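Chains as they are written, first to last, in our numbering: chain A, 1 to 111; chain B, 112 to 222.
Since the hints were derived computationally from the structure, they do not count as laboratory data. What you are looking at is a predicted structure, and each value in this text was computed from that prediction instead of being measured. Please note that a few of the clues may not be correct.
In silico DSSO-like links for lysine-lysine, alpha-carbon gap of 30 Å or less [as the list claims (entries may be wrong)]:
id: 1; chain 1: A; residue 1: Lys24; chain 2: B; residue 2: Lys160
id: 2; chain 1: B; residue 1: Lys214; chain 2: B; residue 2: Lys169
id: 3; chain 1: B; residue 1: Lys214; chain 2: A; residue 2: Lys24
id: 4; chain 1: A; residue 1: Lys99; chain 2: B; residue 2: Lys188
id: 5; chain 1: A; residue 1: Lys99; chain 2: B; residue 2: Lys180
id: 6; chain 1: A; residue 1: Lys68; chain 2: B; residue 2: Lys214
id: 7; chain 1: A; residue 1: Lys99; chain 2: B; residue 2: Lys133
id: 8; chain 1: A; residue 1: Lys99; chain 2: B; residue 2: Lys169
id: 9; chain 1: B; residue 1: Lys214; chain 2: A; residue 2: Lys99
Partial selection, computed: residues in chain B whose CB lies under 8 Å from chain A [what the hints assert, rightly or not]:
id: 10; residue: Arg153
id: 11; residue: Leu155
id: 12; residue: Lys160
id: 13; residue: Phe201
id: 14; residue: Asp208
id: 15; residue: Lys209
id: 16; residue: Ile210
id: 17; residue: Ile211
id: 18; residue: Phe212
id: 19; residue: Lys214
id: 20; residue: Gly215
The calculated label-pair distances, taken between Cβ atoms and stated as ranges, are [unchecked claim]:
id: 21; chain 1: A; residue 1: Ser7; chain 2: B; residue 2: Lys180; range: 38 to 48 Å
id: 22; chain 1: B; residue 1: Leu167; chain 2: A; residue 2: Gly42; range: 23 to 33 Å
id: 23; chain 1: A; residue 1: Ala72; chain 2: B; residue 2: Pro129; range: 38 to 48 Å
id: 24; chain 1: B; residue 1: Ser171; chain 2: A; residue 2: Asn30; range: 22 to 32 Å
id: 25; chain 1: B; residue 1: Lys180; chain 2: A; residue 2: Ala72; range: 30 to 40 Å
id: 26; chain 1: B; residue 1: Ser171; chain 2: A; residue 2: Ala72; range: 22 to 32 Å
id: 27; chain 1: A; residue 1: Pro84; chain 2: B; residue 2: Glu175; range: 36 to 46 Å
id: 28; chain 1: B; residue 1: Ile162; chain 2: A; residue 2: Glu14; range: 38 to 48 Å
id: 29; chain 1: A; residue 1: Ala72; chain 2: B; residue 2: Asn123; range: 41 to 51 Å
id: 30; chain 1: B; residue 1: Asp208; chain 2: A; residue 2: Gly3; range: 19 to 29 Å
id: 31; chain 1: B; residue 1: Tyr150; chain 2: A; residue 2: Asn51; range: 26 to 36 Å
id: 32; chain 1: B; residue 1: Ile162; chain 2: A; residue 2: Ala72; range: 23 to 33 Å
id: 33; chain 1: A; residue 1: Asn96; chain 2: B; residue 2: Ser195; range: 20 to 30 Å
id: 34; chain 1: A; residue 1: Lys68; chain 2: B; residue 2: Asp120; range: 30 to 40 Å
Even for Gly, the Cβ is constructed at its ideal location relative to N, Cα and C.
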Amino acid sequence: DAGVIQSPRHEVTEMGQEVTLRCKPISGHNSLFWYRQTMMRGLELLIYFNNNVPIDDSGMPEDRFSAKMPNASFSTLKIQPSEPRDSAVYFCASSNREKLFFGSGTQLSVL
Amino acid sequence: AQSVAQPEDQVNVAEGNPLTVKCTYSVSGNPYLFWYVQYPNRGLQFLLKYITGDNLVKGSYGFEAEFNKSQTSFHLKKPSALVSDSALYFCAVRDLDKIIFGKGTRLHILP
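Construct all of the structure, not just a fragment, from the sequences and the given hints.
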């Protein structure tokens with residue numbers, strides 16, 4: 001298995017633009033997590049899904065953030081409109097319940 | 112809610128010396144505890160976990176962790192540090208279906 005695949009690896013955009021981050025979890029994993037990592041806040045859980053259903057989105061910072069999981073092999077995290085304070089590394093992880101497997105992350109820079 | 116704390120932002124150790132990265136936890140019920148490592152520009156990787164059983168848990172790359180219920184600690188250890196162990200280390204706890212991470216401790220192994 002190729003592991004958790006995230007795209008793009010890097011995204012540079014201007015304030016106000018829409019940003020879409022993509023994630024393909026490991027086949028057979030039934031849980032998917034989106035995390036955000038910054039120097040100031042460390043690793044924050046934004047939202048997670050079980051069997052494609054959002055379970056807890058209490059970590060989503062604002063209504064500008066939304067996440068979907070239309071099927072077991074794909075998830076998106078969308079920011080609309082983006083702001084400079086959204087600049088961070090966004091990680092997707094999938095789980096077989098025992099442990100998390102992380103993607104390589106998307107480095108987002110909002111200018 | 113479950114939580115973990117990593118009291119040290121950074122730990123410096125000379126190569127060949129033993130290392131300890133500290134973690135304390137706060138949980139209701141039985142703790143499910145983890146250590147993950149993050150190398151530069153990569154996602155987190157699972158090192159080891161404690162669910163039940165022996166208090167000394169062995170993991171990847173020669174690392175081990177000691178669960179201490181009376182001190183509510185789960186410190187990460189290695190008998191002899193390598194320069195390649197330099198990375199960011201996260202302690203984590205399972206809270207229902209999600210995993211909550213500490214702020215991380217940067218480990219520097221000095222040649």
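Hint by hint, here is what the structure shows:
Only pairs whose Cα atoms come within 30 Å are accepted, and Lys24 (chain A) paired with Lys160 (chain B) is accepted, the gap being roughly 25 Å. In summary, the hint linking Lys214 (chain B) to Lys169 (chain B) is supported, as the alpha carbons are separated by about 23 Å, within the 30 Å threshold. For the hint linking Lys214 (chain B) to Lys24 (chain A), the alpha-carbon distance of about 26 Å falls within 30 Å, and the restraint holds. A hinted pair counts as satisfied when its Cα atoms are at most 30 Å apart, and Lys99 (chain A) with Lys188 (chain B) qualifies at roughly 20 Å.
A hinted pair counts as satisfied when its Cα atoms are at most 30 Å apart, and Lys99 (chain A) with Lys180 (chain B) qualifies at roughly 22 Å. For a cut-off of 30 Å, the pair hint linking Lys68 (chain A) to Lys214 (chain B) stands: about 27 Å separates their Cα positions. Distance check on the hinted pair: Lys99 (chain A) and Lys133 (chain B) sit about 21 Å apart at the alpha-carbon level, within 30 Å; holds. About 15 Å separates the Cα atoms of Lys99 (chain A) and Lys169 (chain B), which keeps this hinted pair within 30 Å; it holds.
Pair hint Lys214 (chain B) plus Lys99 (chain A) holds up; C-alpha atoms about 18 Å apart against a cutoff of 30 Å. Evaluation of the Arg153 (chain B) hint against chain A yields a held restraint, the C-beta minimum of about 6 Å falling below 8 Å. Here the hint on Leu155 (chain B) is kept, as its CB sits about 5 Å from the closest CB of chain A, short of 8 Å. A hinted interface residue such as Lys160 (chain B) counts as satisfied when its beta carbon comes closer than 8 Å to some beta carbon of chain A; here the least separation is about 6 Å, so the hint holds.
The interface hint given for Phe201 (chain B) holds, since its Cβ lies 7 Å from the closest Cβ of chain A, which is under the 8 Å cut-off. Interface restraint check for Asp208 (chain B): the shortest CB-CB distance to chain A comes to about 6 Å, inside 8 Å, so the restraint holds. A least Cβ separation of about 5 Å between Lys209 (chain B) and chain A falls short of the 8 Å threshold, and the interface hint therefore holds. Given hint, Ile210 (chain B) at the interface with chain A, holds; its Cβ is 6 Å from that chain's nearest Cβ, closer than 8 Å.
Restraint check, Ile211 (chain B) versus chain A: the minimum CB separation of about 7 Å is within 8 Å; hint holds. The beta carbon of Phe212 (chain B) is positioned within 8 Å of a beta carbon in chain A (closest approach about 4 Å), and the interface hint is therefore held. Checking Lys214 (chain B) against chain A by beta carbon gives a least distance of about 4 Å; that is within 8 Å, so the hint holds. Given hint, Gly215 (chain B) at the interface with chain A, holds; its Cβ is 6 Å from that chain's nearest Cβ, closer than 8 Å.
Against the hinted window of 38 to 48 Å, the Cβ-Cβ separation of Ser7 (chain A) and Lys180 (chain B) comes to about 43 Å, which satisfies the hint. Between Leu167 (chain B) and Gly42 (chain A) the beta carbon distance is about 27 Å. The supplied range of 23 to 33 Å therefore holds. The hinted window of 38 to 48 Å between Ala72 (chain A) and Pro129 (chain B) holds, with their beta carbons roughly 44 Å apart. Judged by the Cβ atoms, the range 22 to 32 Å given for Ser171 (chain B) and Asn30 (chain A) holds: they are separated by roughly 24 Å.
Between Lys180 (chain B) and Ala72 (chain A) the beta carbons are some 38 Å apart, a value that agrees with the proposed interval 30 to 40 Å. Between Ser171 (chain B) and Ala72 (chain A), the C-beta spacing of about 28 Å keeps the proposed range 22 to 32 Å intact. Checked against the given bound of 36 to 46 Å, the beta carbons of Pro84 (chain A) and Glu175 (chain B), roughly 42 Å apart, stay inside it. Under the hint 38 to 48 Å, the C-beta atoms of Ile162 (chain B) and Glu14 (chain A), about 46 Å apart, fit the expected range.
Checking the proposed 41 to 51 Å range against Ala72 (chain A) and Asn123 (chain B) shows it holds: the Cβ atoms sit about 44 Å from each other. Range check, Asp208 (chain B) to Gly3 (chain A): Cβ separation about 21 Å, and the 19 to 29 Å hint holds. In this structure the supplied range 26 to 36 Å holds for Tyr150 (chain B) paired with Asn51 (chain A), their Cβ-Cβ distance being about 31 Å. Roughly 26 Å separates the CB atoms of Ile162 (chain B) and Ala72 (chain A), a value that falls within the hinted 23 to 33 Å.
Distance hint for Asn96 (chain A) and Ser195 (chain B): a CB-CB separation of about 28 Å, consistent with the stated range 20 to 30 Å. The hint said 30 to 40 Å for the Cβ distance between Lys68 (chain A) and Asp120 (chain B), and at roughly 36 Å that hint holds.
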